[in-house]
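Spelled out, the chains give:
There are 4 protein chains.
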Amino acid sequence: MPKMKAAVFVKKNRIVLEDKPIPEVGPLDALVRITTTTICGTDVHILKGEYPVAKGLTVGHEPVGIIEKLGSSVVGFSEGQRVIAGAITPSGHSFACLCGCASQDGPGSKHGFTATGGWKFGNIIDGCQAEYVLVPDAMANLGAVPDALSDEQVLMCPDIMSTGFSGAESGKVQIGDTVVVFALGPIGLCAVAGAKLKGATTIIGVDTLPARQEVARQLGASHIVDFRQGDPVAQIMALTDGRGVDVAIEALGTQTTFEAALRVLRPGGTLSSLGVYSTDLRIPLDAFAAGLGDLKIVTTLCPGGKERMRRLMEVISSGRVDLTPLVTHRYKLDDIEKAYELFANQRDGVMKVAITP
Amino acid sequence: MPKMKAAVFVKKNRIVLEDKPIPEVGPLDALVRITTTTICGTDVHILKGEYPVAKGLTVGHEPVGIIEKLGSSVVGFSEGQRVIAGAITPSGHSFACLCGCASQDGPGSKHGFTATGGWKFGNIIDGCQAEYVLVPDAMANLGAVPDALSDEQVLMCPDIMSTGFSGAESGKVQIGDTVVVFALGPIGLCAVAGAKLKGATTIIGVDTLPARQEVARQLGASHIVDFRQGDPVAQIMALTDGRGVDVAIEALGTQTTFEAALRVLRPGGTLSSLGVYSTDLRIPLDAFAAGLGDLKIVTTLCPGGKERMRRLMEVISSGRVDLTPLVTHRYKLDDIEKAYELFANQRDGVMKVAITP
Amino acid sequence: MPKMKAAVFVKKNRIVLEDKPIPEVGPLDALVRITTTTICGTDVHILKGEYPVAKGLTVGHEPVGIIEKLGSSVVGFSEGQRVIAGAITPSGHSFACLCGCASQDGPGSKHGFTATGGWKFGNIIDGCQAEYVLVPDAMANLGAVPDALSDEQVLMCPDIMSTGFSGAESGKVQIGDTVVVFALGPIGLCAVAGAKLKGATTIIGVDTLPARQEVARQLGASHIVDFRQGDPVAQIMALTDGRGVDVAIEALGTQTTFEAALRVLRPGGTLSSLGVYSTDLRIPLDAFAAGLGDLKIVTTLCPGGKERMRRLMEVISSGRVDLTPLVTHRYKLDDIEKAYELFANQRDGVMKVAITP
Amino acid sequence: MPKMKAAVFVKKNRIVLEDKPIPEVGPLDALVRITTTTICGTDVHILKGEYPVAKGLTVGHEPVGIIEKLGSSVVGFSEGQRVIAGAITPSGHSFACLCGCASQDGPGSKHGFTATGGWKFGNIIDGCQAEYVLVPDAMANLGAVPDALSDEQVLMCPDIMSTGFSGAESGKVQIGDTVVVFALGPIGLCAVAGAKLKGATTIIGVDTLPARQEVARQLGASHIVDFRQGDPVAQIMALTDGRGVDVAIEALGTQTTFEAALRVLRPGGTLSSLGVYSTDLRIPLDAFAAGLGDLKIVTTLCPGGKERMRRLMEVISSGRVDLTPLVTHRYKLDDIEKAYELFANQRDGVMKVAITP
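Protein chains in written order, with UniProt numbering: chain A, 1 to 357; chain B, 1 to 357; chain C, 1 to 357; chain D, 1 to 357.
Be careful, since some hints might not be right.
[To be verified] The list that follows gives simulated cross-link-like pairs (lysine-lysine, DSS-like), each with its CA atoms no further than 30 Å apart:
| id | chain 1 | residue 1 | chain 2 | residue 2 |
| --- | --- | --- | --- | --- |
| 1 | A | K332 | A | K11 |
| 2 | A | K69 | C | K69 |
| 3 | B | K338 | B | K48 |
| 4 | D | K172 | C | K172 |
| 5 | C | K172 | B | K172 |
| 6 | C | K332 | C | K20 |
| 7 | D | K338 | D | K5 |
| 8 | A | K110 | B | K172 |
| 9 | B | K110 | A | K172 |
| 10 | D | K69 | B | K69 |
| 11 | B | K11 | B | K55 |
| 12 | B | K69 | B | K55 |
| 13 | D | K69 | C | K172 |
| 14 | B | K172 | A | K172 |
Bear in mind the hints are in silico, worked out from the structure with no lab data behind them.
Just chain A, with the same shape it has in the complex (with noise of 0.2 Å):
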């Protein structure tokens, strides 16, 4: 049985590369040969014990790479063929994907739904941070990848720019609208293009970090609120003269971030929540109105399946995105457990780390 190399799970605060068998090839799946991959903030989670998966998985979700292999009941894609697959690999045809509620896709469940069930990769199959990933349902999720498209140029579609945009899209985002983007991370960042994208006009990003603001000026953000320089709640009325905002994306997954965010909203405004959060979350009465306020608040696990794909590598095709800027590192798979390393300590202005098997 032949062997790849995979960056495997062993327990709390170790990811080490090993040696596993090439995944066999169901019917309905593919077996893509991995030439760019990437560490998302979740994995620092599992890394950290945070997260639990199961011990001796692959992690890694954001896979570029080759079709070695098709299932026989496979149709539609060639071997050979360049592909990405989003990190949410919704099976097609289970009640939640029928509904419209993909990302929660339960198919082997009793209803049809299971919480967060679109996620597999790196978190109930094995992922991508190998030299070769299985993607399953392989018809519903493989995105064919245009010649023209460097692998760099698509590493952000499978996760953090499908993520990043659904913030503005489950905001709801209409042209003339302001948004304030909270936390300019990868996935912040992407929202903040994402904002752009759905016609807003004043676009406020919320971070410290002086790389972060610029990367977030280029892709859109029109006021950069530094949250050392005084309450960010206090400079976003400032900034919107006391009307406060159409649409509030939370990018960081905290009480403060969240709780920000709803007490910028105008009445009638809408709390996009992009976070993974790890706390109970409290919502203050007076930041509700009490219940009264027409307000919403909205939460969205990233979008996957292949028109998904599609259309984000469109985005990147038409150039009105640009996301190569946020990867600032680059590893041989080999190095693995360095890139961890730096990522997971944030060193070195790291955004996103590019790995090549």
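Once you have looked at the hints, place chains B, C and D on chain A.
Here is chains B, C and D on its own, set in the frame of chain A:
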């Protein structure tokens, strides 16, 4: 200056009937002689000092009556016409109104939004527990009552019917949905009726009072959960065979019901909140799927305006919903203090009290 | 190779019962033994040669039956289970499916869309007027029938109930709407029921046959317009006191009904078209307000998939809609040629014919 | 009674500058002294007698100016303030306004709807090609112009920018969509800009004039189709590799463009129609997929009201769209007859003409 009787907030625990001048009619106003009105749970909050209003304010926000006099700029109505007006009386011309958020109307505010600004009667202007009420922005707010409908038939349109239905509307109930309504007070009962009108096929009402359970069944509840018979979350999950509900409507305003509503949602479901809260709220991390469940929390303040009133009266006229069973008691305006005493203490199985000057 | 009986299109005006091999089961398929099926108006178009299908094709697209055999990759169902499948059987994994347009499914086409591509049974693959039918993409399409429901109770779910309801859904019927349905054949009758389920309060059915008018009233029509009693447009405008309707549902497929539907719309209204047309259509300039009336024309092909089937069966289970009165005649599969003769000529007040192998 | 100059429709082919009384200001009105206005294609239809208006009516519906006098009931604005008003001036209080259909405003009509009723200036009341214009329902319609914006920068907001953007909005353009715009006159050019603002990544403009093609590219068109180079349907299908477009925007008002727009739609696509038609329209059966293609045809009349104006000016202020290249010619009001002569004959590459009293 002619006088009228009006129920006035004097101080905490004191609403009394007093003589006040009949108001002068401005160019955009209509003076309406009240023929029937009612007391809302919110009025009880005012009585108890839990919701602050100015001393001397006439309370009440659910008017049925006859147009006594129209402002000089008002066209499209005639004196002597029988009308209702919504509890919420948007101006029609604020930025809030023009961006589809009329209940947060703020025509005089800097940006055209004021949190809960559309609620004027018995909140920021004199209300309708009186012989006369002045309806602002009459052209946007007066709803002509069809001759065939009695005062009591339309008495719920201004507030609880509009609010209750909006719970189902904001929750975007679809044909075939499973919906739960937490608390079967008048608003919860109207939410049950609204869920039925929107096509829900399983409607679960949660309450413990037999009379309310009975009305809920009449209005469309297919199942009743009595929280004294055991944990309502467990009961609802059992009723739905473990699936959870598509939409959970909160119609009470407490942490307990809010949290239970969140816990019974299927992944991707919507918590549609109608309650007026009096404490901060807590979102448990697990019930929120750490922010990854595609869950939505939406709040709605009673929609107003004459188009809303027209549609609600159409619902009554068509015979699709009959809310007269909610009128359990009747008082003269002269006896309104007794009516408050009964209603505030929820004695004698009271649901709604009709007050007639 | 075992044989089965199947109703096969031979040539114009010839559908005959023939022996055909029982189909082989591919990995994603399910073989269903038909227990009840029916004939659709579209089948009559096929019979008359007005809609072309391949010679030798088994016709019929409304299956109720028992799973005889599951494909090797199919999970989540078991042999012996009673099921239905929609007339439209989307794959779940085409671009059309993944962008919310499953009825135009085109998994094998270059871009993943094929006009009407989701309609496979009795159109591009063998249908279900036979002893057995092969259901493609079984995981996305099989709908488990609750034990409490009879075959005849769910017989309308695969097509006419789904189509008729979609007329109201695509028209975005709101609480308090006035809706007209042109033609009260089986689909128009289901559109009436759908409009009621979505909250319409005035529902006008247009037809001339007393038996259909009677069923329309049972399903929710508040008014009937008989076009033999005078111009239906004038009658509808009179019924609505000159206002016009919010949503007009066309359920026949002719210039006359299409144009009348346009003419009775209020400004800003929606024409929701379900009919299968056989000629070019003309939009009169005045009826279209020269393009300035904020009018919408939307067309919908029967939604399919197992979630749709589940919801429709919920509607039946809940008792909210009973379509069994539509089954006016019953035939054995052996006598299907007689059933066609009756149905194609609309003799004996036939609405729907139940066929049992 | 003080006089002013105004461009008045006298008879077919005669619009002349005349002296008229400066209008009296009613309680809800604002008198605006025009500083800049322009001529619309619709004005040319009026000039040619193709669209009927009353003799003696002042034409023009695109005002920029200074508030000269406010009605006695108008609050929230001040005399001397620089403002625009939309071509469409909804009342804010009709049933049409209150059901989200403000352009069909009919405050004085029996049911509150009048087809195209929101279009008042230069249609049913005196327009703004004059020294002064009376703005009805001023509180709903005046849009304060930011100091930093010039008259010419906001001159397109009242009509063509609002109309053009609405083509993309009503078409529900999504991130990654392919959109075609038929005819690159001023409204088509704004539709291109609107499609870009909504996230389209492939935007195809169809026109034959090089100057318009050039501006279209500046505003976001990624491809140009010149119908003199061959059948535009074939060219568009080739450009999209046979897929067709998600949204086709018709911005001319002819059978040819309407039909071509329908023919290039992918299954499930939307034809968003902005043109003012002057003949009946024909829907070819094949282009309409016989009613089975999930196609939508939506028409939109220019959205008005002060919130719309505010948002459009935000787009200008943000620098996201610059429409000043459309102003190709400038005239004094005294020379408006010459401006009409130029514009009506589309001489000298004219796109829009700025008129200053």
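Hints, verified against the model:
Proposed proximity of A:K332 and A:K11 is supported: the alpha carbons are some 23 Å apart, at most 30 Å. With a C-alpha separation of about 28 Å, the suggested pairing of A:K69 with C:K69 holds against the 30 Å cut-off. Note on B:K338 and B:K48: the hinted pairing holds, with a Cα-Cα distance of about 15 Å set against a maximum of 30 Å. Of the pairs offered as hints, the one joining D:K172 and C:K172 holds, with about 15 Å between alpha carbons and a cut-off of 30 Å not exceeded.
Pair hint C:K172 plus B:K172 holds up; C-alpha atoms about 11 Å apart against a cutoff of 30 Å. For a cut-off of 30 Å, the pair hint linking C:K332 to C:K20 stands: about 18 Å separates their Cα positions. At roughly 16 Å between alpha-carbon atoms, D:K338 and D:K5 fall within 30 Å of each other, so this suggested pair holds. Our distance criterion of 30 Å between C-alpha atoms is met by A:K110 and B:K172, whose separation comes to about 24 Å.
At roughly 24 Å between alpha-carbon atoms, B:K110 and A:K172 fall within 30 Å of each other, so this suggested pair holds. Restraint check for D:K69 and B:K69: the C-alpha separation of about 28 Å stays at or below 30 Å, so the hint holds. With a C-alpha separation of about 6 Å, the suggested pair B:K11 and B:K55 falls inside the 30 Å cut-off, and the hint holds. Straight-line distance between C-alpha atoms of B:K69 and B:K55 comes to about 27 Å, which keeps the hinted pair within the 30 Å bound.
For the hint linking D:K69 to C:K172, the alpha-carbon distance of about 43 Å lies beyond 30 Å, and the restraint is violated. Distance restraint check for B:K172 and A:K172: the Cα-Cα separation of roughly 15 Å lies within the 30 Å cut-off, and the hinted pair is therefore satisfied.
Taken one by one, the earlier hints fail for this structure only at number 13.
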